[in-house]
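> With the sequences and hints as input, model every part of the structure.
If you're matching them up, the sequences are chains A and B in order.
Numbering (this note's numbering) for the first sequence: 175 to 396.
Numbering (this note's numbering) for the second sequence: 436 to 982.
Derived from the structure by calculation, the hints contain no laboratory data.
Some hints could be false.
Heads up, incomplete: computed chain B residues facing chain A, CB under 8 Å, no partners named [to be verified]:
#  : residue
1  : A548
2  : D550
3  : A552
4  : L558
5  : I614
6  : L618
7  : I621
8  : V622
9  : V652
10 : L664
11 : V667
12 : V673
13 : I675
14 : P684
15 : T963
16 : P964
Positions of the beta carbon are idealized from the N, C-alpha and C atoms, including for glycine.
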Amino acid sequence: MSDSAPIPQPVPGPEPQYATADQQAEAASFGMWVFLATEVLFFGGMLLAYTWLRTTYPEGVAEAGHHTKIVIGSVNTLVLLTSSLTMAWAVDAAKLGRRTVLTRLLIATALLGLLFLGLKGYEYHGEWTDHLVPGLNFHQDGPHTRTIELFYFLYFLLTGIHGIHITIGIGLIAVMAARARRGAFSAGYYTPVEVTGLYWHFVDIVWIFLYPLIYLVGRSGP
Amino acid sequence: MMSATVTGKPEEPIVATKNYLTEEGITLRSWLLTRDHKRIAILYTLSLTFFFFVGGAAATLIRLNLVTPSGIFTPDIYNRLFTLHGIVMVWFFLIPSIPNTMGNFLIPLMIGAKDLAFPRLNLLSWYLYVGAGLLALFAIVIGGVDTGWTFYTPFSSLYSNGYVVLALAAVFAVGFSSILTGLNFIVTTHRMRAPGMTWYRLPVFVWSNYATSIIMVLATPVLAITLLLVAVERLLRVGIFDPALGGDPLLFQHLFWFYSHPAVYIMILPGFGVISEIVPCFARKPLFGYKFVVWSSIAISVIGFFVWAHHMFVAGISLYAGLVFSLLSYVIAVPSAIKVFNWTATLHKGWISFDAPMLYALGFIGLFTIGGLTGLFVANLAFDVHVTDSYFVVAHFHYIMVGGMVSAYFGGLHYWWPKVTGRLYPEWWARIAALLIFFGFNLTFFPQFILGYLGMERRYYAYPPEFQAWNIFSSAGASVLAVGYALPFFYLGWSLFRGKRAGANPWAATGLEWQTPSPPPTHNFDRTPTVTRPPYQYRPEPEPQDV
Ligand code: HEM
Ligand SMILES: [Cu+2]
Numbered sequence: 175m176s177d178s179a180p181i182p183q184p185v186p187g188p189e190p191q192y193a194t195a196d197q198q199a200e201a202a203s204f205g206m207w208v209f210l211a212t213e214v215l216f217f218g219g220m221l222l223a224y225t226w227l228r229t230t231y232p233e234g235v236a237e238a239g240h241h242t243k244i245v246i247g248s249v250n251t252l253v254l255l256t257s258s259l260t261m262a263w264a265v266d267a268a269k270l271g272r273r274t275v276l277t278r279l280l281i282a283t284a285l286l287g288l289l290f291l292g293l294k295g296y297e298y299h300g301e302w303t304d305h306l307v308p309g310l311n312f313h314q315d316g317p318h319t320r321t322i323e324l325f326y327f328l329y330f331l332l333t334g335i336h337g338i339h340i341t342i343g344i345g346l347i348a349v350m351a352a353r354a355r356r357g358a359f360s361a362g363y364y365t366p367v368e369v370t371g372l373y374w375h376f377v378d379i380v381w382i383f384l385y386p387l388i389y390l391v392g393r394s395g396p
Numbered sequence: 436m437m438s439a440t441v442t443g444k445p446e447e448p449i450v451a452t453k454n455y456l457t458e459e460g461i462t463l464r465s466w467l468l469t470r471d472h473k474r475i476a477i478l479y480t481l482s483l484t485f486f487f488f489v490g491g492a493a494a495t496l497i498r499l500n501l502v503t504p505s506g507i508f509t510p511d512i513y514n515r516l517f518t519l520h521g522i523v524m525v526w527f528f529l530i531p532s533i534p535n536t537m538g539n540f541l542i543p544l545m546i547g548a549k550d551l552a553f554p555r556l557n558l559l560s561w562y563l564y565v566g567a568g569l570l571a572l573f574a575i576v577i578g579g580v581d582t583g584w585t586f587y588t589p590f591s592s593l594y595s596n597g598y599v600v601l602a603l604a605a606v607f608a609v610g611f612s613s614i615l616t617g618l619n620f621i622v623t624t625h626r627m628r629a630p631g632m633t634w635y636r637l638p639v640f641v642w643s644n645y646a647t648s649i650i651m652v653l654a655t656p657v658l659a660i661t662l663l664l665v666a667v668e669r670l671l672r673v674g675i676f677d678p679a680l681g682g683d684p685l686l687f688q689h690l691f692w693f694y695s696h697p698a699v700y701i702m703i704l705p706g707f708g709v710i711s712e713i714v715p716c717f718a719r720k721p722l723f724g725y726k727f728v729v730w731s732s733i734a735i736s737v738i739g740f741f742v743w744a745h746h747m748f749v750a751g752i753s754l755y756a757g758l759v760f761s762l763l764s765y766v767i768a769v770p771s772a773i774k775v776f777n778w779t780a781t782l783h784k785g786w787i788s789f790d791a792p793m794l795y796a797l798g799f800i801g802l803f804t805i806g807g808l809t810g811l812f813v814a815n816l817a818f819d820v821h822v823t824d825s826y827f828v829v830a831h832f833h834y835i836m837v838g839g840m841v842s843a844y845f846g847g848l849h850y851w852w853p854k855v856t857g858r859l860y861p862e863w864w865a866r867i868a869a870l871l872i873f874f875g876f877n878l879t880f881f882p883q884f885i886l887g888y889l890g891m892e893r894r895y896y897a898y899p900p901e902f903q904a905w906n907i908f909s910s911a912g913a914s915v916l917a918v919g920y921a922l923p924f925f926y927l928g929w930s931l932f933r934g935k936r937a938g939a940n941p942w943a944a945t946g947l948e949w950q951t952p953s954p955p956p957t958h959n960f961d962r963t964p965t966v967t968r969p970p971y972q973y974r975p976e977p978e979p980q981d982v
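Here it is as structure tokens:
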């Protein structure tokens, strides 16, 4: 890549409430960790509801699992994992003060995020044509309809809220990319990139939990 | 009884012309866009006062209705009234009360910081709070919501009135406000302490807000998602909680109380903090067993997550689950009791002065003890089956939340008033108000223990005539209480213009917040302080000021 030697950038002073830039950086990333703790519990509530459904109506949930689109789900898992890689790489580039690489990696991450959303949208479309959307066009036959409906209710809630998180993440990353291009970051100041990275990895991890719960349940065992 | 106000330097011509009230200008804009934690605290205080008034007005009407056995209002209006009362008082007064007003104002001052870690987030959290509050009022008053503050399903998800979703949205939003506040406090306490301010030198007030913040951050998201599930279920008619649609209402109660039991500690822990500041100051003794007080707060915030199902003893959980949760509920009484012992031990042989903040603190200790002991009664599975959903429970949690928490709020308000405004209030009136509140409170709620024990159900608009006498006592007490709560409004307001100048440290207290002028300058301290001593180093005689 055509990235030259690190360009020295001015390090902005800390905001008035902080004594040093270090303190500000520590506060920012610590704040993000605390925020992620709330996120864990936010998804935790839904996962608890899912657990309840799965233990109360195991056969229905297994059958519902068969209706999921495992190919799209698996491709999306790959896409998201790759984006985590590019994000981690971007944080490294930021630490080294390599502006061009940083910008490109951030853009790549955002694009992978968009690809994920696109595939997800395509998948939702498939669910719509299969009459799997509770409350709007749900229509299935068989003994487990109610359970399938509940499964899909939770599916849309979980993936929907995950999707909102992805969208927010893409927005954040885009802002970071624009700032990186303008040269706002340097080896001495890259906290926003780092914090955004934390957030993005978290969103990936949530997906790592969702993937088996949604796509693999009905497909193991008989 | 020695006479009140301790020295400080009353004569001192403080008139710090530059302080947070004047420095940024006094335009509306400068207030609504401020990032100063002290100004945001004032914004919170004003809006909380408003909601306290609204909730109080509803309470007055409820007590009015219950003067006669047949009631005055229609059942529907009565249902809306107690829903209004419950939602406003719990979500928009009790939960944000001490953390968002005093916590916001004091935490940075007490740890020697210039502001909270994230000032903009702090302001955002206030806007969320006010917006949510107005939305809730709109939903309840204009639209009508009668689910009670607990939103139990399937009632909340089936009942035909569409404004439930708005009310749910309001509580959802205010939940985010409290998550943001909690996050800000946690980061601030960890990262913004002045040099020398070690963890064991933190005032208990900071510790208890820290413990509260942990609960806010970890429990509130579960509430948020639960309410979201109810709202979606209502809108789309898919059953998560509704048995008719394949769902399970017990699931709702588990999720709801998983938040809401810890939430009762969000309501009371900050009160513990306030009392732990006031008692040593007015007893002129170091807080007895500082580390026990600190760690019992943390213990409460942890154990609080394991007792939720004591709200579900009669909801259909298994007997074994009931036994386990009953036992665990006893366990959580231990750290609360530790605190009461520590305050009592601090008072023992203290050089006590009965100023208004101290009167509130003493009231708190007494009333909280009654509330806590009756908490043990209801934690007892067998006894709870008898009194569940009766006025006994109503009395129990009002002793904790109103007798305890609201007393602490008023105590703190008086204690830090001079710091916030730079003025002293008329001591005599303040003591009268404290006494009125104490007696009014007991007259209102003690009869409810008896009523509940005799079998009067909560949330009914009418009752058998034989309960009328106790109800009249209760309503009479409520009017005394109302006068008690209204008084400070007048004399505190008066003090803003006519009160004597307070000086930096009118109570000769030891906390860092007293070492900066009253009202403090915008960034709190002219020089970042260095802390060299543990907190609460009180001596029997008020010390000469050393700045
Ligand atoms: C000393 C520890 C405490 C114990 C052992 C305890 C126990 C209980 C129990 C078992 C109930 C359920 C009664 C029933 O539904 O029949 C209950 C209700 C309640 N408690 Fe406590 N409690 C304690 C402290 C608190 C505190 C500190 C607060 C608030 C600051 C509080 C607020 C409430 C509320 C609001 C209810 C009513 C819930 C409802 O049914 O709407 N409690 N308590
Ligand atoms: Cu509880």
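> Taking the hints in turn, state whether each one holds.
Hints versus structure:
1. Against a cut-off of 8 Å between C-beta atoms, the interface hint on B:A548 holds, since the closest Cβ of chain A lies about 7 Å away.
2. At a threshold of 8 Å, the smallest CB-CB gap from B:D550 to chain A is about 4 Å, leaving the interface hint in force.
3. A distance limit of 8 Å between C-beta atoms decides the matter here; for B:A552 the minimum to chain A is near 4 Å, and the interface restraint holds.
4. Interface restraint check for B:L558: the shortest CB-CB distance to chain A comes to about 13 Å, outside 8 Å, so the restraint is violated.
5. Taking 8 Å as the C-beta cut-off, the interface hint given for B:I614 holds, the closest approach to chain A being about 5 Å.
6. The beta carbon of B:L618 comes within 5 Å of a beta carbon in chain A, closer than 8 Å, and the hint placing it at the interface holds.
7. About 5 Å separates the beta-carbon of B:I621 from the nearest beta-carbon of chain A, less than 8 Å, and the hint is met.
8. Proximity of B:V622 to chain A holds as hinted, the smallest CB-CB distance being about 5 Å (cut-off 8 Å).
9. Among the interface hints, the one on B:V652 holds; its C-beta lies about 5 Å from the nearest C-beta in chain A, closer than the 8 Å criterion.
10. Among the interface hints, the one on B:L664 holds; its C-beta lies about 7 Å from the nearest C-beta in chain A, closer than the 8 Å criterion.
11. Annotation: interface hint on B:V667 holds; nearest CB of chain A at approximately 7 Å, less than 8 Å.
12. Because the closest C-beta pair between B:V673 and chain A is about 4 Å apart, less than 8 Å, the hint holds.
13. With a cut of 8 Å, the hint placing B:I675 at the interface with chain A holds, because the nearest CB-to-CB distance is about 6 Å.
14. This hint is violated: B:P684 has a C-beta 12 Å from the nearest C-beta of chain A, more than the 8 Å allowed.
15. Residue-level restraint check for B:T963 holds (minimum Cβ-Cβ distance to chain A is 7 Å; threshold 8 Å).
16. The beta carbon of B:P964 is not positioned within 8 Å of any beta carbon in chain A (closest approach about 12 Å), and the interface hint is therefore violated.
Comparing the model with each earlier hint shows violations of hints 4, 14 and 16; every other hint is respected.
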